[in-house]
Every structure is written in structure tokens, then in C-alpha cells.
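**Student:** Could you put together the complete structure from these sequences and hints?
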Amino acid sequence: MSLSLAPGVKPRRWMPTLAAGLSIGEYARSLERRLALLTAVLLAAIWALSGQGYFWPAWVWLGLGDLVLLDFSASWAWRQPRGAVRRVACVWALVGAAAVILIFTWLLTWLLAGVHTFWPAWALLGLATSGSAYSLIALHDRVLVAHGRRALRARIDMLTRTRRQAVDAQAAELRRIERDLHDGAQARLVALTLQLGRAELRVRDQPEIRGLILDAQREAHHAIAELRDLARGIVPPLLADRGLVAAVESLAARYGLGTAIEVDTRRWLAPAIESAAYFVIAEALTNTAKHARAQRSWILLRDEHRTLAVIVGDDGRGGADPSGSGLAGLRARVEALDGSLLVDSTDGSGTILEARLPCG
Amino acid sequence: MRVVIAEDLALLREGLVALLRENEIEVVAQVEDGPGLLRAIAGHKPDLAIVDVRLPPTFSDEGLLAAIEARRRQPALGVLVLSQYVETAYASELIGKDTAGIGYLLKERVGDVRAFLDALHTVAAGGTVLDRQVVAELLAPRDGATGALSGLTAREREVLALMAEGRSNTAIAESLIVTPGAVEKHITSIFAKLELPACHDDHRRVLAVLAYLRVSK
Chain A
6 MSLSLAPGVK PRRWMPTLAA GLSIGEYARS LERRLALLTA VLLAAIWALS
56 GQGYFWPAWV WLGLGDLVLL DFSASWAWRQ PRGAVRRVAC VWALVGAAAV
106 ILIFTWLLTW LLAGVHTFWP AWALLGLATS GSAYSLIALH DRVLVAHGRR
156 ALRARIDMLT RTRRQAVDAQ AAELRRIERD LHDGAQARLV ALTLQLGRAE
206 LRVRDQPEIR GLILDAQREA HHAIAELRDL ARGIVPPLLA DRGLVAAVES
256 LAARYGLGTA IEVDTRRWLA PAIESAAYFV IAEALTNTAK HARAQRSWIL
306 LRDEHRTLAV IVGDDGRGGA DPSGSGLAGL RARVEALDGS LLVDSTDGSG
356 TILEARLPCG
Chain D
2 MRVVIAEDLA LLREGLVALL RENEIEVVAQ VEDGPGLLRA IAGHKPDLAI
52 VDVRLPPTFS DEGLLAAIEA RRRQPALGVL VLSQYVETAY ASELIGKDTA
102 GIGYLLKERV GDVRAFLDAL HTVAAGGTVL DRQVVAELLA PRDGATGALS
152 GLTAREREVL ALMAEGRSNT AIAESLIVTP GAVEKHITSI FAKLELPACH
202 DDHRRVLAVL AYLRVSK
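Quick mapping for you: the protein sequence lines, in order, are chains A and D.
Per our numbering: the first sequence = residues 6 to 365.
Per our numbering: the second sequence = residues 2 to 218.
Each hint can be trusted.
One side only, chain A facing chain D, incomplete, derived with CB under 8 Å:
1. 187
2. 205
3. 247
Treat the hints as calculated values from the structure; they're not laboratory data.
Predicted model only: the values in this text are computed from it and were never measured.
Where is the CB? At the ideal position from N, CA and C, for every residue including glycine.
**Tutor:** As C-alpha cells, then:
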């Protein structure tokens, strides 16, 4: 805020002039200092004219100086950063001002009244002690908080990093298990059915043995089918072989919803991210096919800074329950990767699933 | 018949070799990876290659790519691809524009020895054999463009599925326990409903059905 003088008032030289750019505080402070100076000079002149003797204006000077000093120290303290630092600055501004006043008063009593004892000593000691104690408490707290924050941030960084490592390790481990199933148990079972088939050819004339062999073969087939489903649940073969885009195209073709697919990413994706994106899309398409009665559906894969955005939508009847087991499971999977999953499914206006997966 | 086998798992490879040899099929080479398959085909000029989809070094779709490349270099070669899972996408790539001499089966089908040997002979003779899981996926009901399929009766759908697997009329009749005449009647009806040109050659018929299914996807 700035002050302007009333029209017609001619500014005096000793007044803070022309007002422009001065806040009320600045104006008042400037006025106060100049008035104090003027008063001090006037009193000294009166003392000189009135026959001198005991130099009484010194006491008035002390009073005026106190005001200016207090004002100066308070405004200095107020300029400090908020919080503990400003509080400590205010305390020391008061302590400092009080100490200066005490010492000045003592000087005057010594010079004018001949008092020799340094009587403010105990008061100064008390002021310094209490100021120090206050600073110690206030700033110690602050140091502790800062230290705590740093430790907390380091801990969060470490947890984020190790969680990601754990998730990646888990994804790699799952793929290894899938490969082991393929090369191990599944292959042995296939070899077993082959041997059983050869045996069956040799006992065509013994129906009882042949029946047993065929039973055994059927069991082996069930086991193979179960292992295949298990492996597919871990990582769909096309995803492992050809990556996310091929797997999603095949998925969309299988549902036959005429899904439009738009891919705007060339990024290499970690297995955990790829799997999560795949299962988000698979769940969304399953829901669309089962419940939505949609005319159109679409999939969008897009790079957004260091994030992969996976958006799957339809124009069906909406009303999906975000807390249902399928979506809740997906959310857990996405959040374990520090990602987010949004479900927008108002009644009658379609469903949109948006997953954002940080990758890099 | 002269056959090359590309399979990296020794247990299975040896089982296959034993099975083929005791059924008077000559195994001219056994290889473990894609480049090996291409070399064996160039060297031995076999009638048929039996190829596992997952082969070293990538253990992804190496075998499939090698099989497609082998067919490109030697179009008369029959290729039977075996896999522990079936992907319609892989079947489409393998079939390409021409289904002559192509097979795509789940690995465990080797257990049904006679059907497996039939499949080998069909593919080597330029026929087509598709796993029933692939066919089931091709025929799966969809919301989209396959309206004509829903006009088929349940029995006609069964016959269509078996046709798409590459079975002959006789085999279809046996499998459904009906007379060959009844199968013939169903086929005529299916072709009429799908507006496909009638044909009696097994191979051309499969071609027409697959072309229809792929277009209508």
C-alpha cells in the first residue's frame, strides 16, 4: 500500500517524501526515526540554551533510542524465515535490545551519577541463558524433524526400489517356472502318452490291458491340460513369445468384439509391466464380452513420460463394480508396480479402465 | 515317406523316432534348432518336417519361423508343427495363403498313435490338419460378423469343425457314427448356407472352409 499526501499539502524535506512506493510500515518507521532525531537535537539545543549543567537530555535520548532499537530489532526478526527460526530470531531480538538498553542505562548511571558497580551483569546473564535455552529447544526440535524427514525419505526410496526389485524378480521367477513346466513336466507327460500309445498298438487283441492303457492316457491328457492352463495363467505363451502388442491383438481377435487397437509405444517393457498390462486388458475385455452389451470397444497403449498408459473402453451399459474381485485383484497387481487403476463405469455410458504403469 | 524331426527335448525326439520307425516311416535327420532344420531340409529333401514351435536359442516361436522359412525354400515340403499350446495367430501365419501340406497340432496328440500317423500321411500328401482346439476357436461364437455360422445346425457345426481339422468324409462319418451319405448331405447343406462353391476334393474343401473362417473373423 502506498500513501499519498492530501492535495495541497506541500511535503517537507524531513518527511519521508512523495510517498510513492512506501508501505504504511515503512512510512511510519521513517517518520518515527526522523522525529526522534529531531526531538533529540531540539532537547540538546534547549539544554545548551538553558545554562547547561547536568546533562538531562541523555535520559530522553535513551528513551527515544530504545524505541528505534526495539523497532529495528523486531523488524529484523520478522524478516527471518517462518517457524522456529523466526521465533528464535524474535527472542534474540528482544534479548539483544534489552541488553543494549541495560548497558546504555548503566553507562549513563556511571557517567552522570558515578555508579561504579556493573549492576546489569546478572540481568544480562539471565537474558543470555534463557535466550540460549529457548534457541536450543526450538532448533533442536527442528534439527530432529529435518533428520527424521531425511531418514523417512531414504526409507521410502529404499522400499520403492526393493519392492520393484521383488516384483521384477517374481515375474522373472514365474516365467522360469512356466518354462520349467514346459520343458519338464509337460514334455515328460507328452512322452508318456506317446509311450502309452505305442503300447496300446501292441495289445489291440487284449481289451482289458488296452482299456487300462487308454485310462492311463486319459489321465495323462488331463494332467497336460491342467499344466497348460496353469502355464497360461502365469504368462500367456504369445505374450512370452512375441510381446504385449501381439498378445493383445490375439486376445482382441479371440473375443471378436471388433475391438479397435491403437498402439503408441515402442518402449521395452519389463516382464512384470507387460504381464500387468496384459491382464488389465484381458479382464476389461472379459467384462465387456460378459456384461457390457457394447457396440464398440477400444484399446489404447500409449507412452506418457515415464509411464505406460493402458486404456480399455466400451460403449456398453456401464455399472461395473470397481470393488468386485476381478477389478480389486487387478488394482492390487497394478499398485504393486506403483501404478494406478481408474474405473469409470457410470450406468448407461460405457466403461473405461485406465491403468498407468510407471516404467523407467 | 522320409521325415525330418526338429525337437530339442531328447526324450520326446527319441520317442517320436521310435514310433515312426516301427511304423515304417524313415527318419532321415533329427535336429535341435531352426538353422539345423533348414540345413537338414536342404541336405535330405524330405517329404515332411515335424517341428516343435519352441526351439533354441530363443525358446519362443523359433520353430514356427523356421517351418515357414522351410516352406518358402521348398514349397512341396509338408510341415507338421507341434506345440504344447495352440495360438490361432500362429495357425494363420503358418497357413498363409496356401494350406497345402500344413499341419498344426497340440503335442499330446502324438498319444493317439493312429490319428497321428494319419495326420502325418495327410500333411505329406499335401493335405491340411488343424488341431481341434484351433478349429474350436475359429468357430467360437462371436458378436461380430459370423452371422452365417449361427444358421448352421448343431450337427452341421460338428461336421464343419471336423472338415476344418482336415478330416476326410469317411473319417468324419466314423467319428460322428453316421453313414458317409449323411456326411455328404450335411456338407452340401453347409456349403449352401455359407454360400461357398461346392467341391468334393478334401483339400480344396478345407481351403474354402478356412478361407471363410478367416475372412469372417
